[in-house]
Amino acid sequence: MSDPLLSVRNLSVSYPGRTGITHALKEASFDLGRERLGIVGESGSGKSTMGRAILGLIPRPGIVSAERMDFMGSSLIGNSDRDWQRLRGRRISMIMQDPKYSLNPVKRIGDQIAETCRLHLGSSRKDAEKRALSMLEAVQIRNPDTVFTLYPHQLSGGMGQRVMIAMMLVAEPDLLIADEPTSALDVTVQNEVLRILDRLVRERGMGLLFISHNLTVVSSFCDRVLIMYGGRILEQCAARDLADAKHPYTRALIAAAPSLDHPKSELATLVRDPEWLK
Amino acid sequence: MTVSLAEWLMDDRPASRRQAVLGNLYRGMRAIIANPAALAGLIIILLLVAVAIFAPVLALGRSPFAQDLAQRLAAPSAVHWLGTDELGRDIYARTLYGARVTLTIVFLVSIIVAPIGLAVGTLAGYLGGWVDRVLMRITDVFLAFPRLVLALAFAAALGPGIENAVIAISLTAWPPYARIARAETITIAGSDFIQVVVLQGASTLRILFRHVVPLCLSSVIVRLTLDMAGIILTAAGLGFLGLGAQPPTPEWGAMVSAGREVILDQWWVATIPGIAIFIVSLGFNLLGDGLRDVFDPKAER
Amino acid sequence: MIDIADLSVTFGSGNRVVHAVRGVSLSVEEGESFGIVGESGSGKSTVLKAIAGLVPNSNTHLTVQGRPASGKRTKADRRLMQFVFQDPYASLHPRQTVDEALREPLAIHGLDDPENRIAQALSEVGLGVEHRFRYPHQLSGGQRQRVAIARALILRPPVLLLDEPTSALDVSVQAEILNLISRLKQANRLTIILVSHDLGVVAHLCNRIAIMQFGKLVEVVSAADLRSGNVTSDYTRALIEASRGFVRAVD
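If you're matching them up, the sequences are chains W, U and Z in order.
The first sequence lines up with residues 1 to 278 when you count with the numbering used here.
The second sequence lines up with residues 1 to 301 when you count with the numbering used here.
The third sequence lines up with residues 1 to 251 when you count with the numbering used here.
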């Protein structure tokens, strides 16, 4: 792999509070190429904070600091609001857990996708609509012409998430951040959505940051995995080696999940070691 | 080991139900105090209560009823700090004693309006069906009339007097509370924790009083506090029209009414009780806003 | 222990009738752990709620311990089974302490010695005295779910109904709660009916498992058969396949 798409060194996010500063993310460093990188952790591990920090979406009074945060060779540190606007949606896109909150409820699906297209690519109205339609096809929506004219509340969960993906990908970003994109979906639907993401990543050579709490999904879908705990990256490994992870936390997390293939009489419980947060 | 009272109240692991309840109250209190506007409102209301209680002391021997026709409509002076009215009564003393009348109205209206509104609203919201329809139509009928006009009609029918004025106001003021309580109840009734009590075998009355009403109470209290200014003004309006407190009761609205004829020459007669009404209304409004912030469930972690 | 014959549940009326459950028949033995799995809209939770008597529109023959339990439930009926809800944030009254939440069922049924019963119920679910007078917002999700379980078991019901009890929790907390449930089941000889979308969870806790789709019962299999894939319907097979994770396309 040549130059990484995204290179992050010592990224920290902290929130000043009444009782002192809370570190939501502490000194995270990683590189992302044109690959699927999974970020796994439980609630409060800082995995969502990481996604937001990369998009410059940390709300006030949160403080973001980093030694390096380079996206395709240019630094994201000190970006102005205008710089961010140029990046977001165009070069870096984000898919949230629940499409219900991310789609405008009073606008038709097709118009929303076409608008994104016109905004970021400056294409004409006709062109934008054509692109929107072909994008709906690309996310394997069976009758794109009909879906084009629907409103968000008329879609099922899986359909809504596909529309979100279509909308985020229509501007052909280089990096896609997906924050629990399949957690609200049924397992069978979840795999269809993953298959679409998988194809798009491979065909377009896009980088994907896949944030999830689900070890099974991440280990089967991603190329590499970061394991996060308490705002820190505990370890990084290839997804297929996750079963042989070294860190006691990762091992405990795997042991705690009930598995269909390996029956356990009692599930292992996690004993949290303060050493992990050194 | 000794702990300070504040530490005991803020303890994360209370050892008794009393400590938990007091701790919760204390947190609410701190939240109100931390909010300058709410604190100002609270202070005004506490002052009103203090004035009502200590009116005889604060009046320094002046009587609110003693007439001195030689001194009628006297300007503020060392003897009559805030002047006298058309019968030569001391306005300072009358304003102080007026706090008692206002507080009585506030108290009586609260204990009539809140229970009626809560009962009608929670019953309608929880039982639904025809109970809901009947109760809400009745509520709509009351809501359809302009409040002051309806209160006027009631007051006229019941006969003038402060108690009748309170009843008239209460009869017109409860419908919005029933609406609020009903809306809250419908949300609460669908929640898991109410289903849990149903599954435990609790009776409908028990569910309503022990589980639903306590949750509606906070929004009713907030609304009541915010409405209190309007209620005081309605009472003053009724007094002004001669349907509220009867002479010689020192009611602020009646006092303003009496000073109306001489407002250009003897401004103090109408202005002083007017200022009192204004300050107390402001106090209730500020406190109501503060309470809304404190009770707001979204602010709870 | 529990027999359901031909359970159907509809919501709405007229043209907008939704058949949430269509003709489901089940029987659960005493002391058994019975699981119901399915995806959203399969009607699995509705079946559980119908057993608990929370669904008004159910038209069925339901017997619990041989006695019919359709129609209006008495207090005694209620003591036969208790329910644990999915969302620990919604199932506790926000203005009641843990102590009050546990006292309420005792008061409803007029049971004696609430102090000791509450203390015992808390220690059974692994909560200390320091949690007893806390409000829900002072507890974590796992602790809240423990309180919900303690509240369900304080009436000593023979049957415990669990509706996705761990799906709102982190994996590590889920493990603690699942261990707790199986320990309490052993200690109190409970009959358990567990509803979940997670095949792993159901197979871990239950011996027999019903698979539901579109309001209908697809099949009932043993946990061992579910693990080994020894099932008859294609849907069950697809469900097992999907829950094993993503299968990459070969290029």
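Calculated directly from the structure, the hints in this document are not laboratory data.
Since the model is a prediction, treat every value here as computed from it, not as a measurement.
Heads up, some of the hints might be wrong.
[Claimed, not checked] Between beta-carbon pairs, the in silico distance windows are:
| hint | chain 1 | residue 1 | chain 2 | residue 2 | range |
| --- | --- | --- | --- | --- | --- |
| 1 | W | Ala-243 | U | Ala-37 | 36 to 42 Å |
| 2 | W | Thr-188 | Z | Gln-186 | 32 to 38 Å |
| 3 | U | Val-134 | Z | Arg-95 | 52 to 58 Å |
| 4 | W | Gly-17 | Z | Asp-6 | 54 to 60 Å |
[Stated by the list, open to error] Straight-line alpha carbon distances no greater than 20 Å define the calculated EDC-like cross-link-like pairs of lysine to aspartate or glutamate that follow:
| hint | chain 1 | residue 1 | chain 2 | residue 2 |
| --- | --- | --- | --- | --- |
| 5 | W | Lys-26 | W | Glu-275 |
| 6 | W | Lys-264 | Z | Asp-225 |
| 7 | W | Lys-100 | W | Glu-192 |
| 8 | W | Lys-264 | Z | Glu-176 |
| 9 | W | Lys-264 | Z | Asp-6 |
| 10 | W | Lys-126 | W | Asp-98 |
| 11 | Z | Lys-185 | Z | Glu-164 |
| 12 | Z | Lys-185 | W | Asp-127 |
| 13 | W | Lys-126 | W | Glu-115 |
| 14 | Z | Lys-216 | Z | Asp-234 |
| 15 | W | Lys-26 | W | Glu-42 |
| 16 | Z | Lys-216 | W | Asp-186 |
| 17 | W | Lys-246 | W | Glu-203 |
| 18 | Z | Lys-72 | Z | Glu-176 |
| 19 | W | Lys-264 | Z | Glu-32 |
| 20 | W | Lys-278 | W | Asp-244 |
[As the list claims (entries may be wrong)] Listed below are several chain U residues computed to face chain Z (Cβ distance under 8 Å; list not exhaustive):
| hint | residue |
| --- | --- |
| 21 | Pro-14 |
| 22 | Gln-19 |
| 23 | Thr-187 |
| 24 | Arg-292 |
| 25 | Asp-293 |
Even for Gly, the Cβ is constructed at its ideal location relative to N, Cα and C.
Now for the hints, and whether the structure bears them out:
In this structure, Ala-243 (chain W) and Ala-37 (chain U) break the distance hint of 36 to 42 Å, their C-beta atoms being roughly 59 Å apart. One distance hint, 32 to 38 Å for the beta-carbon pair Thr-188 (chain W) and Gln-186 (chain Z), holds here, with the actual separation near 34 Å. In this structure the hint that Val-134 (chain U) and Arg-95 (chain Z) lie 52 to 58 Å apart at CB is violated, the actual value being about 30 Å. Evaluation of the 54 to 60 Å hint for Gly-17 (chain W) and Asp-6 (chain Z) yields a pass: the beta carbon distance comes to about 57 Å.
For the proposed pair Lys-26 (chain W) and Glu-275 (chain W), the alpha carbon gap of about 15 Å is at most 20 Å, so the pair holds. Our distance criterion of 20 Å between C-alpha atoms is met by Lys-264 (chain W) and Asp-225 (chain Z), whose separation comes to about 16 Å. Restraint check for Lys-100 (chain W) and Glu-192 (chain W): the C-alpha separation of about 19 Å stays at or below 20 Å, so the hint holds. For the hint pairing Lys-264 (chain W) with Glu-176 (chain Z), the CA-to-CA distance comes to about 14 Å; that is within 20 Å, so the pair holds.
For the given pair, Lys-264 (chain W) sits about 35 Å from Asp-6 (chain Z) by alpha-carbon distance, which is inconsistent with the 20 Å threshold. With a C-alpha separation of about 30 Å, the suggested pair Lys-126 (chain W) and Asp-98 (chain W) falls outside the 20 Å cut-off, and the hint is violated. A threshold of 20 Å between alpha carbons decides the hint, and for Lys-185 (chain Z) with Glu-164 (chain Z) the separation of about 17 Å falls inside it, so the pair holds. At most 20 Å may separate the alpha-carbon atoms for a hinted pair to count; Lys-185 (chain Z) and Asp-127 (chain W) exceed this at roughly 63 Å.
Between Lys-126 (chain W) and Glu-115 (chain W) the alpha-carbon distance is near 11 Å, which keeps this suggested pair within the 20 Å criterion. The hinted pair formed by Lys-216 (chain Z) and Asp-234 (chain Z) meets the criterion: a straight-line CA distance of about 14 Å does not exceed 20 Å. At most 20 Å may separate the alpha-carbon atoms for a hinted pair to count; Lys-26 (chain W) and Glu-42 (chain W) meet this at roughly 16 Å. Of the supplied pair hints, the one linking Lys-216 (chain Z) and Asp-186 (chain W) holds, its CA atoms being roughly 17 Å apart against a limit of 20 Å.
Restraint check: the Cα-Cα separation between Lys-246 (chain W) and Glu-203 (chain W) comes to about 33 Å, which exceeds 20 Å; the hinted pair is violated. As the CA atoms of Lys-72 (chain Z) and Glu-176 (chain Z) are separated by approximately 36 Å, the hinted pair breaks the 20 Å bound. About 18 Å separates the Cα atoms of Lys-264 (chain W) and Glu-32 (chain Z), which keeps this hinted pair within 20 Å; it holds. For the given pair, Lys-278 (chain W) sits about 23 Å from Asp-244 (chain W) by alpha-carbon distance, which is inconsistent with the 20 Å threshold.
The criterion of a C-beta within 8 Å of any C-beta in chain Z is met by Pro-14 (chain U), whose closest approach is roughly 4 Å, and the hint holds. At its closest, the beta carbon of Gln-19 (chain U) sits 7 Å from a beta carbon of chain Z; the interface hint therefore holds under the 8 Å criterion. The criterion of a C-beta within 8 Å of any C-beta in chain Z is not met by Thr-187 (chain U), whose closest approach is roughly 11 Å, and the hint is violated. The interface hint given for Arg-292 (chain U) is broken, as the beta carbon of that residue sits about 17 Å from the closest beta carbon of chain Z, more than 8 Å.
Hint status for Asp-293 (chain U) relative to chain Z: violated, with the closest Cβ pair at about 17 Å, above 8 Å.
In terms of the numbered hints stated before, the structure departs from hints 1, 3, 9, 10, 12, 17, 18, 20, 23, 24 and 25, listed from lowest to highest.
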